[in-house]
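Produce the entire structure from the sequences given, and follow the hints as far as they go.
Under the numbering used here, think of the first position of the sequence shown as 882, with each following residue one higher.
The set of hints was computed from the structure by calculation and includes no laboratory data. One should not assume that every hint holds.
[As the list claims (entries may be wrong)] Across the chosen pairs, the derived CB separations fall in these ranges:
1. Tyr1001 - Gly945: 37 to 47 Å
2. Arg996 - Gly945: 32 to 42 Å
3. Ser984 - Lys907: 19 to 29 Å
4. Arg924 - Phe976: 33 to 43 Å
5. Ser984 - Val920: 15 to 25 Å
6. Leu1002 - Arg908: 34 to 44 Å
Just so it is clear, CB atoms sit at the ideal spot from N, CA and C, and this is done for glycine as well.
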Amino acid sequence: MNERFKQIRKDQGLTQTEFALKLNLKRAAVGNYDIGRTVLTDRTIADVCRVFNVNEEWLRTGVGDMYRPPMEKGNELVELIADLVQTDDDFSKQFIIEYLKLSEDEKELIKKVIRNVKDYL
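Structure representation (structure tokens):
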């Protein structure tokens, strides 16, 4: 899996530092993943797949295509919803856009966090 991680970085034409910035990791963590010193975490796998549109099955097992097919209709839907949001708050719009791009498991995690915050308030 670490070799495929490195392959994505190289395919994107990114240095370890640039790749780390896009994934909110330290450069040293990317280096350790690249050489197989550290096992990829589920969180890092999810981030790589989301940020670079990578097929998670390929990253984990090497089966299938490296990248997921572009979801043009999904992107159109995201843009339409963003246009419909009646707010001048750029953060809220971006939050909605990013939320819609998440996997169902990631959405469930966000919902749980929001419910906990709501209950706390």
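So, going through the hints one by one against the coordinates:
1. For Tyr1001 paired with Gly945, a C-beta distance near 41 Å keeps the hint of 37 to 47 Å intact.
2. A beta carbon spacing of about 34 Å between Arg996 and Gly945 agrees with the range 32 to 42 Å that was offered as a hint.
3. Here the CB-CB span from Ser984 to Lys907 is close to 25 Å, well matched to the stated 19 to 29 Å.
4. About 19 Å separates the C-beta atoms of Arg924 and Phe976, a value inconsistent with the hinted range of 33 to 43 Å.
5. The hinted range of 15 to 25 Å is satisfied by Ser984 and Val920, whose Cβ atoms lie roughly 21 Å apart.
6. Distance hint for Leu1002 and Arg908: a CB-CB separation of about 38 Å, consistent with the stated range 34 to 44 Å.
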